[in-house]
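Enquirer: Residues per chain, in single letters:
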Amino acid sequence: MKARVIVTLKNGVLDPQGKAIEGALTSLGVSGITSVRQGKVFDIEISAEDSSQAKQNLKTACEKLLANTVIENYSIEI
Amino acid sequence: MKSAVILFPGSNREGDMIRALRQATHQQPAIVWHADHELPKRTDLVVLPGGFSYGDYLRCGAIAGRASIMEAVRAHAERGGLVLGVCNGFQILCESGILPGVLMRNAHLRFICRMQHLSVEQINSPFTNKYAARQIIKVCIAHGEGNYEADQTTIDRLEGDGRVAFRYCNAEGVIGGSANPNGSRNEIAGIFSEKRNVLGLMPHPENLIDPLVGGIDGRGLFDSLASAA
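From first to last, the protein sequence lines stand for chains X and E.
With our numbering, the residue at position 24 of the first sequence is 24, and numbering never jumps.
With our numbering, the residue at position 46 of the second sequence is 46, and numbering never jumps.
Isolated chain X, as found in the complex (with noise of 0.2 Å):
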């Protein structure tokens, strides 16, 4: 099955990457905008004998490698 992986950055913690687009979003002219965040997705394919199964093998994924948890959050959808 097809399962997506949200890494996001925790709230509080600075994200210069985030900041940067912002200031550059601005300076296009875009209007409106008051906050970027960047964020990591990762599309995976996994197998498993059902979705809370997949999920469970996914948030070990995540805890292990897809997200650094002093820094991020992370969300699964399948």
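Read the hints as simulated data drawn from the structure, not as lab findings.
None of these values were measured; they are calculated from a predicted model.
Every residue gets a Cβ at the ideal spot worked out from N, C-alpha and C, and that includes glycine.
A hint or two may mislead.
Below, computed lysine to aspartate or glutamate pairings styled on EDC-like, alpha-carbon distance capped at 20 Å [claimed, not checked]:
{"id": "1", "chain 1": "X", "residue 1": "LYS40", "chain 2": "E", "residue 2": "GLU71"}
{"id": "2", "chain 1": "E", "residue 1": "LYS41", "chain 2": "E", "residue 2": "GLU71"}
{"id": "3", "chain 1": "X", "residue 1": "LYS64", "chain 2": "X", "residue 2": "ASP43"}
{"id": "4", "chain 1": "X", "residue 1": "LYS10", "chain 2": "E", "residue 2": "GLU149"}
{"id": "5", "chain 1": "X", "residue 1": "LYS19", "chain 2": "E", "residue 2": "GLU149"}
{"id": "6", "chain 1": "X", "residue 1": "LYS10", "chain 2": "E", "residue 2": "GLU194"}
{"id": "7", "chain 1": "E", "residue 1": "LYS2", "chain 2": "E", "residue 2": "ASP16"}
{"id": "8", "chain 1": "X", "residue 1": "LYS64", "chain 2": "E", "residue 2": "ASP56"}
{"id": "9", "chain 1": "E", "residue 1": "LYS138", "chain 2": "E", "residue 2": "ASP223"}
{"id": "10", "chain 1": "X", "residue 1": "LYS64", "chain 2": "E", "residue 2": "GLU71"}
If you want the ones that stay clear, here's a sample from chain X, every Cβ over 12 Å from chain E, calculated [as the list claims (entries may be wrong)]:
{"id": "11", "residue": "LEU28"}
{"id": "12", "residue": "SER31"}
{"id": "13", "residue": "ASP43"}
{"id": "14", "residue": "SER51"}
{"id": "15", "residue": "ALA54"}
{"id": "16", "residue": "LYS55"}
{"id": "17", "residue": "ASN57"}
{"id": "18", "residue": "ASN68"}
{"id": "19", "residue": "THR69"}
Pairwise CB distance ranges, derived in the manner of DEER restraints [as the list claims (entries may be wrong)]:
{"id": "20", "chain 1": "E", "residue 1": "HIS37", "chain 2": "X", "residue 2": "ASP50", "range": "13 to 23 Å"}
{"id": "21", "chain 1": "X", "residue 1": "GLY18", "chain 2": "E", "residue 2": "PHE111", "range": "11 to 21 Å"}
{"id": "22", "chain 1": "E", "residue 1": "VAL213", "chain 2": "X", "residue 2": "ALA48", "range": "28 to 38 Å"}
{"id": "23", "chain 1": "E", "residue 1": "MET115", "chain 2": "X", "residue 2": "ALA48", "range": "47 to 57 Å"}
For chain X, the structure is supplied; the task is to place chain E on it using the hints.
Expert: For chain E alone, coordinates are given in the frame of chain X:
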């Protein structure tokens, strides 16, 4: 002093590191491949050199931090064995959880490669005992992700336990402000583990061991290590 330098795909400072270790310890360090599971017997010091392991994919040091040799490095550290991580090596130590915190993108988003002064903040360690307290040393930095960050509890613990090894400063020894090249929390350039047997730092002391190439302020670290075992 028997040392072992771990080689990851993308390590590129191992040559400088081996030269510095050989100069101080008069012994040839072993080179250990990341896919190995064991360190050479009776290894005193494990070194994770600088570079761009796995091309910095995912996060700097993230994939190397989970390489099979890292279990042996962790066990060595837990036994009280010495571990040194420089630059990418520091990032790998943080990613593997052997040291707390994380190295984030430099605050101004630029890769910085230049000379940098440091204040030696803690000399009571096997890595720094040949320096004088608050000695100002001039070494070099070369990194894009050296902005040390950790939660407040961790920072308080590091500060309270005297585990900040080096801080960025200017030539006069003034810490902070424009002397901080990367936005690092509390101007932290390097930290120790709880028992001070593990040191991770962003600057490259291994490049400052020869008067022909800019100075010898890095020698203190290797001379400290050489006398430790």
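Enquirer: For every hint, state whether the structure bears it out.
Expert: Against the structure, the hints come out as follows:
no.: 1; hint: LYS40/X to GLU71/E; result: violated (28 Å)
no.: 2; hint: LYS41/E to GLU71/E; result: holds (15 Å)
no.: 3; hint: LYS64/X to ASP43/X; result: holds (17 Å)
no.: 4; hint: LYS10/X to GLU149/E; result: holds (12 Å)
no.: 5; hint: LYS19/X to GLU149/E; result: holds (17 Å)
no.: 6; hint: LYS10/X to GLU194/E; result: violated (26 Å)
no.: 7; hint: LYS2/E to ASP16/E; result: holds (17 Å)
no.: 8; hint: LYS64/X to ASP56/E; result: holds (17 Å)
no.: 9; hint: LYS138/E to ASP223/E; result: holds (16 Å)
no.: 10; hint: LYS64/X to GLU71/E; result: holds (14 Å)
no.: 11; hint: LEU28; result: holds (18 Å)
no.: 12; hint: SER31; result: holds (24 Å)
no.: 13; hint: ASP43; result: holds (15 Å)
no.: 14; hint: SER51; result: holds (25 Å)
no.: 15; hint: ALA54; result: holds (21 Å)
no.: 16; hint: LYS55; result: holds (21 Å)
no.: 17; hint: ASN57; result: holds (16 Å)
no.: 18; hint: ASN68; result: violated (6 Å)
no.: 19; hint: THR69; result: violated (10 Å)
no.: 20; hint: HIS37/E to ASP50/X: 13 to 23 Å; result: violated (35 Å)
no.: 21; hint: GLY18/X to PHE111/E: 11 to 21 Å; result: holds (19 Å)
no.: 22; hint: VAL213/E to ALA48/X: 28 to 38 Å; result: violated (55 Å)
no.: 23; hint: MET115/E to ALA48/X: 47 to 57 Å; result: holds (53 Å)
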